[in-house]
Structure formats: C-alpha cells, structure tokens
Amino acid sequence: MALLNISEPGQSPRRKQDSKHALGIDLGTTNSLVASASEGGPFIISDSKESALLPSVVAYSNDENILVGQAALKSNEHISSVKRLMGRGAGDIKHELSYTLVESESSGMPLIETPVGLKSPVEVSAEILKVLAARGAKHFEKEVGNEEEQKEIEGVVITVPAYFDEAQRQATKDAARIADLNVLRLLSEPTAAAVAYGLDKKLEGNVIIFDLGGGTFDVSLMHLEKGVFEVLATGGDTALGGDDFDRTIMQWIKTESKIEIKQNHLAELSTCARNAKHDLSETDAVEVNFADWSGELDIGKYYQFIDPLIDRTIKACRRVLRDASMSIEDITDVVMVGGSTRSPRVQEKVQDFFKQPLLNELDPDQVVALGAAIQADILVGNKYDSDLLLLDVNPLSLGIETMGSLVEKIIPRNTTIPVSRAQEFTTFKDGQTVMSLHVLQGERELVEDCRSLAKFELRGIPPMVAGAAVIRVSFQVDADGLLSVEAEEQSSGVKSSIVVKPSFGLEEKEIESVIRASHSEAEHDRDLRRLKENEVEALRIIEATDSALAQDAELLDADELKAIQEGLISLQESLKSADADLIQQQSEALNELSVTFAARRMDSQIKSAFKGKKLEEVDR
Amino acid sequence: MAITMSESAAEHVASQMASRGKGLGIRVGVTTTGCSGMAYVLEFVDDLKESDEVFEDHGIKIVVDPKSLVYIDGTEMDFVKSGINEGFEFRNPNVKGECGCGESFSI
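Residue numbers (my numbering), protein chains in the order written: chain A, 101 to 720; chain B, 135 to 241.
None of these hints come from the bench; they were simulated from the model. Cβ coordinates follow ideal geometry from the N, Cα and C atoms, glycine included. No false leads were mixed into what you were given.
As a list, the in silico PhoX-like pairs of lysine-lysine whose alpha-carbon atoms are at most 25 angstroms apart:
id, chain 1, residue 1, chain 2, residue 2
1, B, K215, A, K302
2, A, K555, A, K595
3, A, K273, A, K555
4, A, K676, A, K529
5, A, K529, A, K555
6, A, K301, B, K215
Cβ-Cβ distance ranges computed for the label pairs, FRET-style:
id, chain 1, residue 1, chain 2, residue 2, range
7, A, N105, B, L158, 15 to 21 angstroms
8, A, R419, B, G208, 55 to 61 angstroms
9, B, L182, A, G481, 31 to 37 angstroms
10, B, P227, A, A385, 46 to 52 angstroms
11, A, Q451, B, L158, 43 to 49 angstroms
12, A, G298, B, A152, 19 to 25 angstroms
13, A, R419, B, G193, 53 to 59 angstroms
14, A, G481, B, K156, 26 to 32 angstroms
15, A, D379, B, G208, 44 to 50 angstroms
16, B, P227, A, E304, 40 to 46 angstroms
For the chain B half of the interface with chain A, some residues (derived, Cβ under 8 angstroms), not all of them:
id, residue
17, Q150
18, Y174
19, L176
20, V179
21, V214
22, S216
23, G221
The task is simple: from the sequences and hints, build the whole structure.
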C-alpha cells in the first residue's frame with residue numbers, strides 16, 4: 101500500500117478527485133516506460149499483461165493497423181531504435197538499419213518506408229507515445245471508477261538524453277504534439293534518475309549518474325544545491341552497452357565451438373549468450389550449450405572479456421570529472437541506471453572507482469520514468485508545497501557569425517538553462533540597413549567548422565555611418581533546451597527574431613569530437629581568428645579612407661594624398677598575404693598617415709557647420 | 135475498540151511531534167476518495183473535538199472521529215521503509231479490497 105506521512109491539521113494531501121493526471125515518460129531507444137505520481141509515491145503503469153516495458157518498436161501493416169511494442173516485434177517489417185533518428189538528417193545516419201530510409205526532398209529529413217507510405221521518425225515516436233498515454237489513461241479511468249469523472253491527462257514529462265541538441269529535443273516535442281500530448285517539460289534522463297532517488301531533497305552534493313543500457317552508455321555529473329540540479333558535464337559512448345557483453349560471449353562460443361554460424365543461427369546464439377551473462381551474475385561458472393556443442397565459461401574468463409568494456413565506462417567517468425574540474429572526493433552520490441548496471445562486475449568497478457556505495461535499490465530500468473513522473477506531478481501543481489527546480493546545460497556553445505566568418509559565442513557550452521544572454525553588434529558599412537544573422541552551434545572559431553542552425557535578417561536599420569548602429573542580439577534557451585534568437589536595433593526599435601528549429605542535430609560522438617577538435621585546434625583557431633580580425637579591421641579602414649577621400653580629397657595637398665593612396669595600396673596588398681602581423685602593421689601605418697587628414701576633416705566640418713552663424717549664436 | 139501502533143511507528147510519531155514542537159497526538163481517519171472508495175487521513179492534532187475518540191499506545195495519543203472508527207477499528211499503524219520511500223502503513227482488518235496503488239481501500 102501507499103505509505104503515508106503525517107500532515108498538518110486540515111492539510112492532508114489533496115484528494116484524488118482534485119489532483120490532475122500527469123505522466124512521466126521514458127521514451128527509450130530500446131524500451132519505453134510510463135509512470136505516474138498522481139497518487140502518492142511514483143509507480144510504473146504496466147499494460148494489461150503486467151508488463152512494464154514497452155519495446156520501442158512500431159510496425160505498420162497494409163490494413164492500416166499500427167502495432168506497437170511486443171506485438172510489433174513479431175512483424176517482419178518492424179521499425180526499431182527510431183530514437184537514434186530523431187532530429188537527424190538522412191545523411192547523418194550511419195547505423196545499420198533493418199528498414200529503408202528515404203531522404204525527404206523538402207526537409208532533408210530521413211523518412212522510413214512502410215507498407216502504408218513514408219513515415220518520419222517523429223511520427224513513429226508519436227505512435228509509441230500514444231500507446232504509453234493510453235496506458236496512463238486506462239489506469240486513471242480504473243481509478244476514478246466511472247466515466248463521467250474521467251479526466252484528461254493534463255500533461256506529460258518526457259525524458260531525453262542530456263546531450264540531445266535543439267533539433268532532437270524539438271523532434272521529441274513534435275512527436276508528443278502528434279500524439280496529442282501536452283508536454284510540460286522535457287527532462288534530461290540523468291536529472292530524472294536523481295529525482296527518483298529523492299536526491300533533490302538533499303541540501304547539497306555532486307551526483308554521478310551512471311547509465312549503462314543495452315546499447316548506449318551515458319554518464320553525467322550534476323551539482324545539486326538546495327533542490328536545484330545543474331548538469332555540470334556529460335559524457336559517454338553511444339555504442340557501448342550490455343549488448344556488447346553478450347557479443348563477447350558469442351565470440352567465445354564461436355571460437356571455442358568452431359561452429360560456422362549462419363545468419364539464421366544468430367538469434368539463438370545471442371539468446372544463449374545473454375542467458376550465460378545473466379547466470380554469471382549469480383554463479384561462478386556456467387555450462388553453455390549451443391547446437392551440439394557445450395563448454396564451460398567461468399567468471400574469471402568472462403570478466404576478462406568484459407573488463408575492457410567496463411574500463412571504457414570508467415574512462416568516461418574520469419573525463420566527466422575532469423570536464424567539471426572535480427575529483428572523486430567531491431562526488432557525494434553515485435546513481436546506477438540502465439539494465440546493464442545489474443552486472444555485479446560493473447557495480448564492483450564503479451564502486452571501486454568512486455570509492456563509495458552506489459544508489460541502486462530502485463529498478464535500474466524504471467528509475468528514469470519514475471523521476472519523470474515525480475517531476476510531472478509537481479509541474480501540474482499537485483505538490484503545491486514543492487519548489488523543485490531543475491536545471492540543465494546546453495551541450496555545445498551557441499553563437500553568431502561576425503565579419504570574417506568568425507563565430508562570436510553568445511552562450512558558452514555547459515551553461516545552465518534556461519538562460520538568456522545578449523550582446524551588442526554594429527554595422528560594418530556606411531548606410532547599411534540590413535544585417536544578416538547566422539546562428540551557429542559548436543566550439544570552433546570559424547563558421548565553416550561549426551554547425552549552422554539558422555539564418556535570418558534584420559531589415560529596416562536606419563542608415564548611419566558604419567559602427568554607429570547598436571544591434572542587440574539576444575539568445576534565449578528555454579527549459580526544454582530550445583533556442584530563440586532576437587535582434588533589435590536600439591535607436592529605431594526594429595527587430596527580427598527566429599525560433600531555432602534546425603533540421604537536424606549532432607550525435608553525442610560528434611559533440612565529443614567537436615569538443616575535442618576545439619581543444620586540439622585551439623592554437624590554429626586562435627591564429628586564424630587573429631588573422632580574420634585583422635583582415636576585417638583593415639577592410640574597415642580601407643572602406644573609411646576611401647569614403648573620406650571621395651568626400652574631402654581637396655583638404656590634402658598632392659604629397660599627402662599620394663602618401664595616403666600609397667598606404668591604401670600597400671594595405672590592400674598586405675591583405676593578400678594572409679599574414680596577420682603584416683596586415684596589422686599596414687593598418688596602423690595607414691591610420692598614422694590619416695591622422696592629420698582626419699583632424700582637418702573634423703575642422704572643416706565644424707567650420708561648415710558654423711559658417712554664416714554669428715559668434716553669439718554659436719556660443720549659445 | 136482500538137487503534138494501535140508498532141514501536142517504530144510510535145518512535146517516528148514522537149520524533150516528528152518533537153521537531154514540530156506542539157500537538158496532542160495524531161489523528162487517523164478516512165475520507166471518501168480514490169480508486170476503491172476510501173483513503174486514510176493522517177494528521178497532527180492540535181484541538182480535540184467533542185466526539186473524538188482518543189486511544190493511547192506506546193505513549194502516543196491516537197485521535198479518531200467516530201465515523202471513521204467504524205472503518206478502521208482494529209487497525210495497526212506501522213512505520214515502513216521501502217526503497218527510498220518511507221512512511222506509515224495501516225494494517226486494517228476491515229479492508230476487503232485495495233486499489234492498485236494501495237492508497238485507497240474498500241470495506
């Protein structure tokens with residue numbers, strides 16, 4: 101039964117009729133779950149067959165029937181692991197898939213061929229969400245008992261990996277919209293796990309979420325203060341999981357038995373390996389029978405197989421610590437998530453590394469959904485006394501293109517979201533009325549090395565001399581990690597904005613390589629940035645000098661004019677050199693030459709402004 | 135007729151009362167709600183009502199209104215830890231059915 105706590109007089113928890121129905125959904129790559137916390141403690145809502153996990157598998161058939169979960173697995177043409185396709189371009193997908201992808205002509209989105217036509221990954225995810233929501237609705241219906249009182253599902257919290265980028269988050273939201281669900285919040289999976297363990301009730305701490313699933317590994321380091329979570333760093337490996345453990349055993353069987361494995365034996369072999377793996381969690385040796393061969397696998401040998409894999413997870417933990425500039429002693433809690441953390445060897449190694457007991461008493465497959473349910477319950481207002489606030493970080497820096505194809509970072513990577521940052525920019529040319537804004541994501545200095553998210557224009561800037569206009573560009577990332585950018589010219593108030601819904605995003609591995617590249621290329625980038633900046637400055641000086649000469653060349657005598665013109669030419673020449681020092685030198689030289697010219701122009705402008713005015717008038 | 139509590143339940147009530155700093159005891163009752171019809175109410179007591187029945191077990195006063203008592207007479211309160219959850223559990227001999235989540239019950 102549900103456990104009760106003592107309330108203040110007259111303040112017993114709201115009765116169920118008053119509470120709103122909210123669901124927490126763990127939309128996984130392999131399996132999905134739905135949970136609710138509307139009535140006391142969080143619990144997983146199972147289907148009518150008492151099965152908690154819904155395989156994230158969809159099958160479309162000719163008779164318009166859409167199968168989801170176990171039923172779909174039986175179909176030959178089922179679609180699985182669609183989460184890996186969310187928010188991606190067709191060109192980004194390199195995994196082997198059991199189904200055929202077609203690139204959409206309009207959006208570049210990958211579409212999946214099905215017997216009833218092309219379906220997008222978003223639509224397929226929506227089918228999974230629909231089934232989960234129906235489970236929830238059925239549960240609530242049973243609870244209320246009669247249909248008149250049946251209430252709508254107020255909203256859902258869907259979990260996403262911490263490293264999901266804008267596009268992947270938006271795709272997840274779109275799927276929910278198609279499934280007719282109100283998304284209260286997208287919550288990062290590690291945060292959900294921490295909430296499930298009630299770590300939000302602690303005053304302070306640094307929490308490691310170690311999430312080893314069937315095919316993916318994620319590790320996140322979160323800082324917790326007064327119930328506020330902040331993701332400090334994330335890492336992992338999108339191609340490492342319990343399935344790899346199985347594969348080592350499969351390989352062993354192959355080598356030992358010398359049986360030639362045909363394609364149609366693979367399923368049997370894989371089941372055989374998985375069973376052996378599970379048995380080795382409890383005993384020291386197992387007898388493995390495959391076809392007419394049998395052999396003994398002892399735990400020592402098995403550990404030899406999997407230790408290199410587990411060591412990779414430990415390496416990722418070390419990297420995350422380093423990213424956050426922390427040491428093992430700073431870590432207060434280690435939460436285990438994902439079915440593969442049931443392996444005693446994994447637990448042993450993680451515990452040895454962090455030198456502390458692990459939080460693993462909740463079902464590691466359910467933790468994330470339970471946390472999402474708790475969060476959903478709070479967000480619909482059922483826990484009026486709770487002020488739990490969850491913070492995430494943006495995985496990569498967000499910025500804008502400036503002159504010279506440079507990227508000016510507005511929101512650096514690992515900034516906690518929601519966040520809003522603004523920076524002022526100006527025009528480059530006299531009378532410039534349009535500014536083109538190019539929003540980018542990445543760690544490198546040059547536009548071509550970063551990922552383009554969106555482009556838009558600010559029009560109607562009042563004509564002014566170069567550098568006089570003040571254009572404020574603000575970046576806003578909401579709690580779901582979605583970005584909107586606004587540019588406003590300060591004197592006229594003209595503005596333009598865009599909500600970034602990029603066509604597709606980056607894979608975690610790519611994020612990692614983006615970050616790594618930004619480190620290894622740092623020096624190169626710095627030099628390149630300096631060159632580009634000097635080039636832009638030189639162009640600005642040339643532009644300004646040209647326009648001054650066009651207006652006021654008569655203020656100069658022949659020698660002076662010649663000197664400036666020569667300076668102009670040698671600066672233009674230096675631009676071809678790609679030598680930052682030379683360009684800077686020439687820019688300074690031309691500047692020097694123009695000092696008297698500039699002063700004379702100033703004088704002449706003042707004179708002409710005062711011309712024909714009496715002294716008293718000027719004086720006033 | 136009586137409501138009782140286990141020693142660990144009494145300890146927890148006592149420590150929670152101590153940290154609250156006031157109160158006569160706890161009120162146990164039922165309210166009509168939930169999946170199966172009724173749910174428990176558990177509150178601190180500052181004022182007694184005339185009709186209230188008061189029991190005492192392990193030094194803790196347990197206050198019940200007479201209407202509720204018929205549904206929960208004979209109940210033993212216990213303090214339970216289950217995973218990360220902890221709280222009070224009611225062992226009610228009158229219960230015939232519970233809802234899935236266990237928060238409400240029917241007689």
